[in-house]
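Colleague: Protein chains in written order, with our numbering: chain A, 1 to 405; chain B, 1 to 94.
In case anyone wonders, no lab produced these hints; they're calculated from the structure. Note that the structure is a prediction, hence the values are computed from the model and not measured. Cβ atoms here follow ideal geometry from the backbone N, Cα and C, with glycine treated the same way. Any given hint could be a false lead.
[Said to hold, decoys possible] To give a feel for the contact side, a few chain B residues facing chain A, derived at Cβ under 8 angstroms: (1) G71; (2) V73; (3) P74; (4) L79; (5) A91.
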Amino acid sequence: MSEQRRIYLDHNATAPVHPDVATALGPFLTTRYGNPSAPYMAGQEAKRDVAAARCAVKNLIGCTSGSLVFTSGGTEANNLAIKGAFFAANGRPKGHVVISAIEHPCVRETAAWLERQGVSVTTVPVTRQGQVRPDSVAKALRPETFLVAVMHANNETGVVQPIEEIASLTRDAGILFHVDGVQAAGKLAVDVEALGCDSYSVSGHKFGALKGVGGLYLRDPSSLEWIQQGGHQEGGYRAGTENVPGIVAMGKAAEAALRDLEANTAHCRAVRDVFDRLAANMPMTRLNGHPEARLPNTTNLCCLYADAMSICMALSIEGVFLGTGSACASHTQEPSYVLRAMGLSDQAAYCSVRISVGPSVSLDDAEFAAERITQAVETIRLVTAPEDIGTCGDDCPCFIETDTP
Amino acid sequence: MDRMAHEFLLIRNDPPCKKCHQVEDVLRETVDAVAFDVEIRCITTATEEARSYGALLTPMVLLDGKSISAGMVPRKGGLVKLLEKIHSEQADTV
Numbered sequence: 001m002s003e004q005r006r007i008y009l010d011h012n013a014t015a016p017v018h019p020d021v022a023t024a025l026g027p028f029l030t031t032r033y034g035n036p037s038a039p040y041m042a043g044q045e046a047k048r049d050v051a052a053a054r055c056a057v058k059n060l061i062g063c064t065s066g067s068l069v070f071t072s073g074g075t076e077a078n079n080l081a082i083k084g085a086f087f088a089a090n091g092r093p094k095g096h097v098v099i100s101a102i103e104h105p106c107v108r109e110t111a112a113w114l115e116r117q118g119v120s121v122t123t124v125p126v127t128r129q130g131q132v133r134p135d136s137v138a139k140a141l142r143p144e145t146f147l148v149a150v151m152h153a154n155n156e157t158g159v160v161q162p163i164e165e166i167a168s169l170t171r172d173a174g175i176l177f178h179v180d181g182v183q184a185a186g187k188l189a190v191d192v193e194a195l196g197c198d199s200y201s202v203s204g205h206k207f208g209a210l211k212g213v214g215g216l217y218l219r220d221p222s223s224l225e226w227i228q229q230g231g232h233q234e235g236g237y238r239a240g241t242e243n244v245p246g247i248v249a250m251g252k253a254a255e256a257a258l259r260d261l262e263a264n265t266a267h268c269r270a271v272r273d274v275f276d277r278l279a280a281n282m283p284m285t286r287l288n289g290h291p292e293a294r295l296p297n298t299t300n301l302c303c304l305y306a307d308a309m310s311i312c313m314a315l316s317i318e319g320v321f322l323g324t325g326s327a328c329a330s331h332t333q334e335p336s337y338v339l340r341a342m343g344l345s346d347q348a349a350y351c352s353v354r355i356s357v358g359p360s361v362s363l364d365d366a367e368f369a370a371e372r373i374t375q376a377v378e379t380i381r382l383v384t385a386p387e388d389i390g391t392c393g394d395d396c397p398c399f400i401e402t403d404t405p
Numbered sequence: 001m002d003r004m005a006h007e008f009l010l011i012r013n014d015p016p017c018k019k020c021h022q023v024e025d026v027l028r029e030t031v032d033a034v035a036f037d038v039e040i041r042c043i044t045t046a047t048e049e050a051r052s053y054g055a056l057l058t059p060m061v062l063l064d065g066k067s068i069s070a071g072m073v074p075r076k077g078g079l080v081k082l083l084e085k086i087h088s089e090q091a092d093t094v
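Whenever a hint applies, use it, and build me the whole structure from the sequences.
Modeller: Here's what the structure looks like:
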């Protein structure tokens with residue numbers, strides 16, 4: 001049987017490992033195994049490798065004077081930024097935090113954890129196009145607010161948020177401002193100093209590094225209380241032996257992303273536009289999100305009366321992989337809270353798919369995939385009872401569990 | 001398979017859930033409603049064949065190797081229309 005053509009359209013979930021990363025990693029899986037804390041030559045080599053990678057990641061996000069602490073990924077970086085700010089505020093139970101309604105679960109659920117510690121949390125809404133309004137943030141601020149957290153670009157819609165405007169509010173009020181930059185780093189030209197945030201999280205595998213490595217930029221590391229003890233690594237800010245292969249991978253991916261940013265942006269935008277055009281060309285289909293203030297690689301489409309999981313499964317068999325916004329939690333399907341926050345009905349949210357491209361997706365791939373999406377949506381609409389979308393029977397296992405810890 | 005014959009493949013749980021039973025019933029009614037041969041084959045999620053289709057959500061229905069429904073009970077009327085459309089397109093090319 002001939003090898004099936006595969007078209008990967010879920011780069012916001014994870015990106016393929018960049019060829020430069022794969023090449024650079026060879027020695028780190030064989031002969032270059034030193035611990036950066038060790039005093040002998042092998043250790044010092046590893047220490048230099050980590051330093052070079054740190055420099056590359058700082059360059060990617062425009063950090064010239066702050067610190068960048070390596071973590072296990074974006075989730076840990078966001079947890080550190082939020083919990084670290086909480087502990088630095090002496091764990092004051094009457095504190096207050098502001099987040100947006102479209103934050104990633106690692107921010108939302110960390111904020112929920114803060115609530116259980118006695119902190120008040122205000123969730124500010126977004127517009128129908130998925131943007132946080134700075135005046136909503138301004139209205140939410142209180143004298144006891146110690147942290148505002150708003151993402152740079154949304155993972156589902158790609159909508160870019162008005163970070164500089166929000167930063168000017170928090171700066172004036174003396175409040176820490178954390179930005180989850182996981183989706184933006186490597187896809188947009190990022191300058192954390194111009195943005196004016198106090199902390200900014202990044203994730204390596206979103207731009208071609210390995211999974212399991214990320215970083216947290218800090219304008220002033222002393223603004224946080226560090227929550228992981230047991231080692232002096234990362235200047236004492238994040239204890240634990242450094243993930244040297246992961247960090248080296250992140251550095252190489254950052255170099256490539258910065259070097260190719262202009263070309264990749266132009267290419268991704270052209271490829272993405274093929275999918276944007278589906279909103280005009282397919283009946284009962286519309287774009288979710290902002291038409292302009294959006295990552296150059298992301299299209300979120302609502303294909304009314306065609307449920308996203310059926311589209312995803314139909315395309316998967318054809319070798320086309322795209323994302324859905326819904327998640328399954330113990331026998332119930334939940335519509336995307338991001339799309340719900342933008343005013344979509346449950347049914348419209350269940351019928352929305354996310355297409356996120358990368359440099360390796362060609363225009364020909366996009367045309368092929370767009371045709372397959374059109375056919376799949378037409379078929380699914382024909383056989384689907386609209387009232388069944390998003391429903392799940394009491395005795396229906398629905399999702400097949402393939403792994404449990 | 002005969003070029004003009006069609007096949008519904010139902011990927012279901014073991015034991016089948018209520019929805020899997022409902023889908024099987026709808027597929028049988030659909031097959032009875034058309035004037036050409038359509039086979040129904042049921043397999044469980046534990047099979048290698050089900051895994052080869054990347055089945056994640058059940059019940060999953062494939063028609064001639066293409067997934068047309070996942071996690072829901074498809075409508076008989078729509079299935080009949082789809083079958084007739086595919087059958088006539090195939091007849092045109094023979």
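Colleague: Would the hint on P74/B stand, with a C-beta cut-off of 8 angstroms toward chain A?
Modeller: holds (4 angstroms)
Colleague: Is the hint on L79/B kept, meaning its closest Cβ partner in chain A is under 8 angstroms away?
Modeller: At 6 angstroms from the nearest chain A Cβ, L79/B passes the 8 angstroms test, so the hint holds.
Colleague: Does the CB of V73/B sit less than 8 angstroms away from some CB of chain A?
Modeller: holds (6 angstroms)
Colleague: With a cut-off of 8 angstroms on the beta carbons, see whether G71/B makes it to chain A.
Modeller: holds (5 angstroms)
Colleague: So, as I understand it, the hint says A91/B touches chain A; can you test that by seeing if any CB pair is closer than 8 angstroms?
Modeller: Hint on A91/B: violated, closest Cβ of chain A at ~19 angstroms, above 8 angstroms.
Violation of the numbered hints given earlier is confined to hint 5; every other hint is satisfied by the structure.
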